Structures are given as structure tokens and as C-alpha cells.
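K.L.:
Based on these hints, arrange chain B on the given structure of chain A.
There are 2 protein chains.
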Amino acid sequence: MHFLVFIIIDKGVAMKIALECFSCFLKQAVEAAEMSTESETMRREILREVLKESLKISFDRTPVHMGMIIHRIVREKTKNPDPYANLKKKYNARALELYPYMKELVGYSKEKLVTAVKLAIAGNILDFGIGGYAKDFGVKEIIDEVLEQPFAVDNYQNFRKALSKADSILYLADNTGEIVFDRVLIEEIPDYKKRITLVVKESPIINDATLEDAEAVGLADQVRVINSGLEAPGTIIDHCSEDFLDALHSADMIISKGQGNYEGLSDLSLPIFFLLKAKCKVIARDLDVKVGDLILKQDSKS
Amino acid sequence: MHFLVFIIIDKGVAMKIALECFSCFLKQAVEAAEMSTESETMRREILREVLKESLKISFDRTPVHMGMIIHRIVREKTKNPDPYANLKKKYNARALELYPYMKELVGYSKEKLVTAVKLAIAGNILDFGIGGYAKDFGVKEIIDEVLEQPFAVDNYQNFRKALSKADSILYLADNTGEIVFDRVLIEEIPDYKKRITLVVKESPIINDATLEDAEAVGLADQVRVINSGLEAPGTIIDHCSEDFLDALHSADMIISKGQGNYEGLSDLSLPIFFLLKAKCKVIARDLDVKVGDLILKQDSKS
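Here the protein sequences line up with chains A and B, keeping their order.
The numbering used here puts the first sequence at residues 118 to 419.
The numbering used here puts the second sequence at residues 118 to 419.
Calculated directly from the structure, the hints in this document are not laboratory data.
Incorrect hints may have been included.
Copies of the same chain look alike in the list, so a pair counts if it fits in one copy or across any two.
[As the list claims (entries may be wrong)] Listed next, the in silico BS3-like pairs over lysine-lysine satisfying Cα-Cα at most 27 Å (straight line):
{"#": "1", "residue 1": "K257", "residue 2": "K229"}
{"#": "2", "residue 1": "K207", "residue 2": "K407"}
{"#": "3", "residue 1": "K398", "residue 2": "K194"}
{"#": "4", "residue 1": "K173", "residue 2": "K196"}
{"#": "5", "residue 1": "K229", "residue 2": "K311"}
This one's a predicted model, so the numbers in the text were calculated from it and none came from an experiment.
Just chain A, same shape as in the assembly (with noise of 0.2 Å):
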């Protein structure tokens, strides 16, 4: 198994921190900060500890390490396991009522599966994480903008050709909400219930998507679930448990949505395909594309 996780590592060179991430991380510390505490104290202790841990993280590592490790303080402080549950619900929930519209959305569509594929980027946009990016909940909107929006990076007849061919789909969702999107998706690939596995986080991390999520939203009834051993809002591929990697090394496909995954999963030699919308002007520099562009990416060496 260590022999697998070495060939998956060796080529890593995962999207790294960038100056302009440091202001987002305090972002992130000080809105979690707010929303688990009423104490003006603790949650100064909270920017404490994360701008001493800004102070030593590695430029080397993922802006999705340093979420991790910022969420944890959070909640080694604040005692509290979980300080997004309600707003994850009403999330939820949310985007469970907009299911039917979606549903009708790809139905009347004349190319249902790149709807789909549309629709699950639109809902990557349901993120607590990336500072202050569509907090409003104009989803509609949202929707009906991305649907009438190009691909920046658009890879989309691979994907297409390489779903028909999969035996095994790798999907690792990312946010809660946003799952019910990616429930419409799962549902327009033929053969789903055989094929796909869905690759949800062990623990709750902001709004990330638990099994928990998975089963609010009717997905754990129609694919199997599995978790990725981690409580980072995205990938890091050596904190992740051997059954997640021994998963990840045999799919035939794997489809991967969000920042979160795309920072810790590009440039490995996967036969990937990655789905989300560029949030920050980082990510938008690592994919030479604008900031708000809607990408379908197939890993270069896939």
C-alpha cells in the first residue's frame, strides 16, 4: 500500500500557497471564529494561533493544509465539533427545494449531461471557505448564468468519452448544498448505482459534505460512500487514509469537484477530471483563466 501512495505522491506538484492566500486564511479564522464563539476572548486567541501557524506553514504545502489546520484550532478552542451544522443544513435543504428545477433544467435539455456537468460547477458556488465569494443565495440566478456560461478550460468530449468507458467513478464531492447538484449529475450517468463511489470528508470542516450530508441529500441510498480519512476542506493527499488511496489509484475515473480537491489532486498522474469554478485570483493563476470561469479540467497526464 506505501508503495502505491509513493507512486501517487512522487510527481506531486499540487497547487502551493500564494502570498495572496494569507488574508484569506485569517478570513476564514476570524468568520469560523465568529460563528462558533460569542467570547471576544477566544476568538482572539483563535487569530492568535492561526497567525502563529501562518508564521510556519510551508509555502511548500496546499492553501487547503492551512484550512485544515485552521479549523482545527478552531475547534480545539471553541469545544465546538461542529460550528457550520446549521448553516450546512439550511444549505441543504436549500438546494434540495431547487432539485425539482434542476431535475426539469437537464430534462428539457438538448445536451442533458453537459447541463448536469454545468449544473454541478453552479453549485460549487455554495462555499463558506473562499472569502465572501456568493454568499447570497441567488442560486437561481447562479444557475441560469452558468448554464448560458462557456468553459474556460473545456475538456468536456474526454469526459464524456471516458464516462462511457469507466467500469469504476471516483466522484469526490466537496460542499455541502452543492451535493444536491451533484446528485443531478450522478443520476444522468448511465449505470451510476454500479459505478460510482462518492468520496465524502470523515469529519465536518466548514461546509464540506460529511456521509451524514450524503444521506440528508438521497445520495448514500443510490451510490455507495466513502470517506476520504480527512478533515481538510479538500484533498491532502499524504494525510488521507489508505483505503481512500488505494480507491483512488484504481478507479478507472475520477471526477473531482471544488478548489479544495483540485489544489491537493492536480498534476498527479490520475486519470482525472476536474469540475469547479475559479474563486480566487490564486487558483485562477494556476489555471490561467479568470477569476468566476467555469472549469471542466482533464489532468494533463490522464
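P.N.:
Coordinates of chain B only, in the frame set by chain A:
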């Protein structure tokens, strides 16, 4: 002289650093670092120093104080005394192009002084200091919008009265570019050549206006110009020169532009009026207004 200083700072409850300020500090630091040096190593060193200072700074300080520290670090590390020099020239030049348009707006206005005050506040949008706020240069659109917008805090009648009585008026400028807008307001004040003293920063800090800028936009010929003895992006009362404090204390009326001056001078016993646009959550909370609101606030003690 020290006795005067004591009287002024005695009641000081200036706007203090809030948790949300820290992400903004790092954003400013990184932007200034990127503008000042091409060396990634040096940029990282600047970030490290700013993180260390963020750990040390007292929450009893104002955001402006941290701004002073940040930009001192950038200058010392990069040996670049004025990284914003070119941009400042550009902003002055661009604002000067709008000067005839603004004079016309005032000329045609029924309430010339109100229009001039609003223009002076519209100019306050030209700021690099506060994260990402209106950096694009659609200034004409901003002007039109601001002229339509009511004051959220409206002490205009008292402002007008104070203006009619004051023998000596101290006008605290804020930014480059913006001082062209200030010129429009100043020129609407009767006897401005005799009554007004313009206060600029002693040396370059971000895009704040200095004597050179007052000269560049034609204000130095028209009114007396002094400096605050500061290299901070605002006013820090216990770091100002005694000459400035003397002027501050002896003026019949003080017109203070922008957030940085408000942060340091709010809640002092001065006959002061603050003209600004609330550019971030922290100041909006302090003023009990919304981000983006126009403020013409008389100090409650004046």
C-alpha cells in the same frame, strides 16, 4: 504644548482594530510588497514581518497604526521609499482631467455646497489601502452615483453653519487623486485662501497625498499647506508633530477626509466634521451605517 496634547488625547476612544482588520492588513501588505519588489523572497519576508507585528499589535490601536507599521516594513525591506509613486501621479492626472467636469456639475447645481461636499466624498473612493474597494477607474459613474445618494449620517446644516462662522479651517486631506475633488470643495468655501489650511502627510504612505501632490493639483498655490508629521495612512494623534497638534487645537473648524483620519480622530473634543464613504464592515459598524454609505458626521463633542 504637551499640556495641549494631553487635553486632546485624554478623551480618545478612537476606532480600534477589530478582528476583521487582520485579513485586510495582510492584503495591503501583499499588495504593497508586490508593488515594491519583484523578489518573491523579499515579499515573503515582508509577509513574515507583518504576521509578527500582527501578533504584537494591541487591539487598543487603530487600524491606521498597523497601516503605518506595514508600510514601514515594506519601505525598510525593499528600500523603496514610495512604491505607489507612479500610480499616484496617474491618479492625480486622471482626477485633474475630471476637474472641469466637476466644476461644471457644481456650477449647474442649485445647491453648490452640497454638490461639492458630495464630490469630495466621491473622491474618497480612490483608495488603495482598503481591500479591493472600487479600484477600477469608473470614476465618472461613481460621481453620478454619489450625487444621487443621500447622506447616511447627515450633519450638513451644522457643517454649513460652522463654515460660515469659522475664521480658521483645517482641512485634513486623504488620498492622491482625491485631493483634486477636495480642491473643488475648497473652492466653494468663501474666502478659502485666507481661511483654509490643508494638511497632508509628511512623507509617502500608500497613496496618501503629500505636499508634492498638493502642488501637482494646484492646491499649494491657493491655500497654506502643512503636514501632520506622520507617515501613517491617516492620523495617529500621539505620533503627530506638535506643530500639527497646535493647528488642530487652535482651528475653529476641522474638515477631516476619509477613513484613516476618522479612525484616529473620532471621539476627540474637536470642532470636527468627518467626510467619508464607509468602505469596510468595521467602520460601518462603528458608524452604525452600511458599507458604501456616505457620511457627513459632526463629532458629537464639537
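K.L.:
Does each hint hold? Answer for all of them.
P.N.:
Hints and how they fare:
{"no.": "1", "hint": "K257 with K229", "in the structure": "within (18 Å within a copy, 45 Å between copies)"}
{"no.": "2", "hint": "K207 with K407", "in the structure": "between (30 Å within a copy, 26 Å between copies)"}
{"no.": "3", "hint": "K398 with K194", "in the structure": "between (31 Å within a copy, 25 Å between copies)"}
{"no.": "4", "hint": "K173 with K196", "in the structure": "both (24 Å within a copy, 26 Å between copies)"}
{"no.": "5", "hint": "K229 with K311", "in the structure": "within (20 Å within a copy, 74 Å between copies)"}
The earlier numbered hints are all upheld by this structure, with none contradicted.
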